[in-house]
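First to last, the sequence lines map onto chains A and B.
With this note's numbering, letter number 127 in the first sequence gets 503, and the count goes up by one each step, no holes.
With this note's numbering, letter number 373 in the second sequence gets 1595, and the count goes up by one each step, no holes.
There could be a bad hint or two in this list.
[Stated by the list, open to error] From chain A, some residues computed to sit far from chain B (all C-beta separations above 12 Å):
hint, residue
1, E418
2, L424
3, R454
4, R456
5, G496
6, N516
[What the hints assert, rightly or not] Calculated lysine-lysine pairs in the PhoX-like style (CA-CA distance at most 25 Å, straight line):
hint, chain 1, residue 1, chain 2, residue 2
7, A, K565, B, K1412
8, A, K603, B, K1254
9, A, K409, B, K1412
10, B, K1254, A, K408
11, B, K1412, A, K603
12, A, K603, B, K1586
13, A, K400, B, K1412
Derived from the structure by calculation, the hints contain no laboratory data.
Note that the coordinates shown come from a computational prediction; the quantities given were computed from them, not determined experimentally.
Think of the CB as a built atom: it goes at the ideal place given N, C-alpha and C, for glycine as much as any other residue.
Residues per chain are reported as follows:
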Amino acid sequence: MAVDMELEAVLRPHQYEMPPYPPKVITLANGKKMVVRQADREDVPAILKSVHPCLFIERDYYDIVSARLYGELLAWYRYRAKSEYCLMGQVDGYLVGVVNGRMETEKVGMSYHTLAIDRGLRIGSHLFAAKMEYHLEYLNQDEILIVAESPIGFRRWMIEYPLEPTKIPHELGGGDSWRLTREIYFKAKPRLVVGERPVPEDLWEEATRDVLFADDDTIRERIAGLKGR
Amino acid sequence: MRDVAIIGAGMIPFGRRDEDSLMDMLAWAGLKALDDAGLGDGGVDALYVANMGSGILQHQTGLASALADRISLLPAAADGIENGPASGASAVKNGLLAIASGYYDTVLVVGGEKMREVTGWRATDFVATMTHPTAEYVYGVTLPGMAGMFTRLYMEKYGVTREMLVSIALKNQAMGALNPYAHVEMALSKDGIFDNPAAVVNNPLAADPLHLYDACPVSDGAAAVVLTALDKVKNPAKPTVVIAGFGQATDTHTLQEREDPTDLKAVTLAAQQAFERAKLKPADINVAELHDAFTILEIAESEHVGFFKKGEGGKAALAGKTRFGSQIPINVSGGLKARGHPVGATGVAQIVDIVWQLRHELPKERQVKDAKNGLTVNFGGFGNNVLAFVLRRVEA
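All chains should be modelled from the sequences, with the hints used to inform the complete structure.
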């Protein structure tokens, strides 16, 4: 598709300067090492392949979350999202989870979505925490606006942190936003934010060589199968 | 009194069975047990169905009548059995007594529960309905909460450590990873849930001092057995397993009323009765399925049934004395901890697993070599209604 750069200059939203998220490695309950790193724009097609099968999974609102995430990542890939970023978790090179968000203003962050592609290992919790860490510790923002679309998300974010309710509409158009302030974050950090830096060279090499993704049936089974946890 | 044999055993994989109704699960498990017993539509005099909460969770009652029709057992007698998380073993006991007394020759017992129909909070609340309504429930007591308090006392009195509890979780999930019927087929690492700083997130505190991986999952599932009079068993296709002994005892409804809340008297009494009736001792048992809804319960029950002295169960677990291939393998199925705990199914599932062990028909990585005698303990309430069974393989 031909791109008219003159027109693109009008259509592409403004981007804030965003320092990179420093990668980290987290030991999961099964002993596997999950590398958490910032996705490059070029990683998006591979990520979307893992998100696609989730679009059709009703369990735990995976369909809604995946559909929104798919659109958001596509918007970022095609330069139609303002100051968006994406973090991903990889185990043995395989994509196991994705989170994204954006800078609403220099001081206010907007959390988008959290998608655990492998379940039962608190991958969603770890990645959501990494997202909060990015906003408050590396983008140096004051607060993040968050909504939950699934009961699991509500339990993990609103209750576990705990977030404070607001009447501020979230741009996703759902319920009102909840807010994570710096104060709440740093209080919760010792029990919710973990990971070691730097990422050992072998793990880093494996994670960045290729983004591997499980086949559709495997993804569906992991999320919505009999052993779903 | 007639001796009673278990001639059929069936189970469906435990997990999150969104696509199946409770009745589907009960029917499937029941048919598997009938098929295993070599019985067709006929030949069953009575049906006992164990379930704790379909009236609450599914808004459905009268399960036994419905199941008798669903799997074409009409006009067999049919009764539902509700005894909290010990419903399964209670149903087997009723089948046993009905045959031993001579009233019936062959009985099908099916236990099942569909708990993932509701959120975890609702499921926890549902299980808590068995606590004392005015002395416990109204104050927000849940079973994990009770188990947490019990664990704290046990730690103080007997020196049980978190590392001992973790050793149970690791052992049972490692075995569950080998069991296709287990809800959680995932081995854990000690690093991931205990040693590593990430364990604070991976294995968070759930009910102090119990952590996430100290508790069983909330599961859907069903299991079934076919019982018959031993004297009716002719030329069996599979090794015969008999119910050599059973015991049942109750204790105070509330934990606080017990002289020593760490003393699980009903477990001790139920096991003693089962051993006496079987004319066996704890040392004669080759494999056991104990009710490990929480890791502490496996330790406490291993002491109360007589495998270890009081205060020694945790040390024994840590030393590997309850692992597969050791002194007394406990919860080789993965236990409630990994197989899952669909409350009405559990007591039956424990018996199914022991039947498979005693028939020597499990894959070698889970088959206890030459297993001849097995024990089950199904723990209702917080130890206020406990059933124990001793099963024995009958050598041809």
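Verification of the hints:
1. Chain B leaves A/E418 outside its interface by the beta-carbon criterion, the shortest separation being 29 Å against a cut-off of 12 Å.
2. Chain B leaves A/L424 outside its interface by the beta-carbon criterion, the shortest separation being 26 Å against a cut-off of 12 Å.
3. With a closest Cβ-Cβ approach of about 35 Å to chain B, A/R454 is found to remain outside the 12 Å limit, as its non-interface label requires.
4. At roughly 34 Å, the least C-beta separation between A/R456 and chain B is larger than 12 Å, which holds for a residue marked as non-interface.
5. Its beta-carbon lying about 6 Å from the closest one in chain B, A/G496 breaks the requirement of being farther than 12 Å from that chain.
6. At the 12 Å boundary, the C-beta of A/N516 stays outside the reach of chain B, the nearest C-beta of that chain being 24 Å off.
7. About 23 Å separates the Cα atoms of A/K565 and B/K1412, which keeps this hinted pair within 25 Å; it holds.
8. Taking the CA atoms of A/K603 and B/K1254, the gap is about 20 Å. The hint holds against a cut of 25 Å.
9. Of the supplied pair hints, the one linking A/K409 and B/K1412 holds, its CA atoms being roughly 14 Å apart against a limit of 25 Å.
10. Between B/K1254 and A/K408, the direct Cα distance comes to roughly 37 Å. Violation of the 25 Å bound is thereby established for this hinted pair.
11. Restraint check: the Cα-Cα separation between B/K1412 and A/K603 comes to about 22 Å, which is no more than 25 Å; the hinted pair holds.
12. Taken as a hint, the A/K603 and B/K1586 pair is honoured in the structure, with Cα atoms around 23 Å apart against an allowance of 25 Å.
13. Among the hinted pairs, A/K400 with B/K1412 is consistent with the structure: their alpha-carbon atoms are about 21 Å apart, no more than 25 Å.
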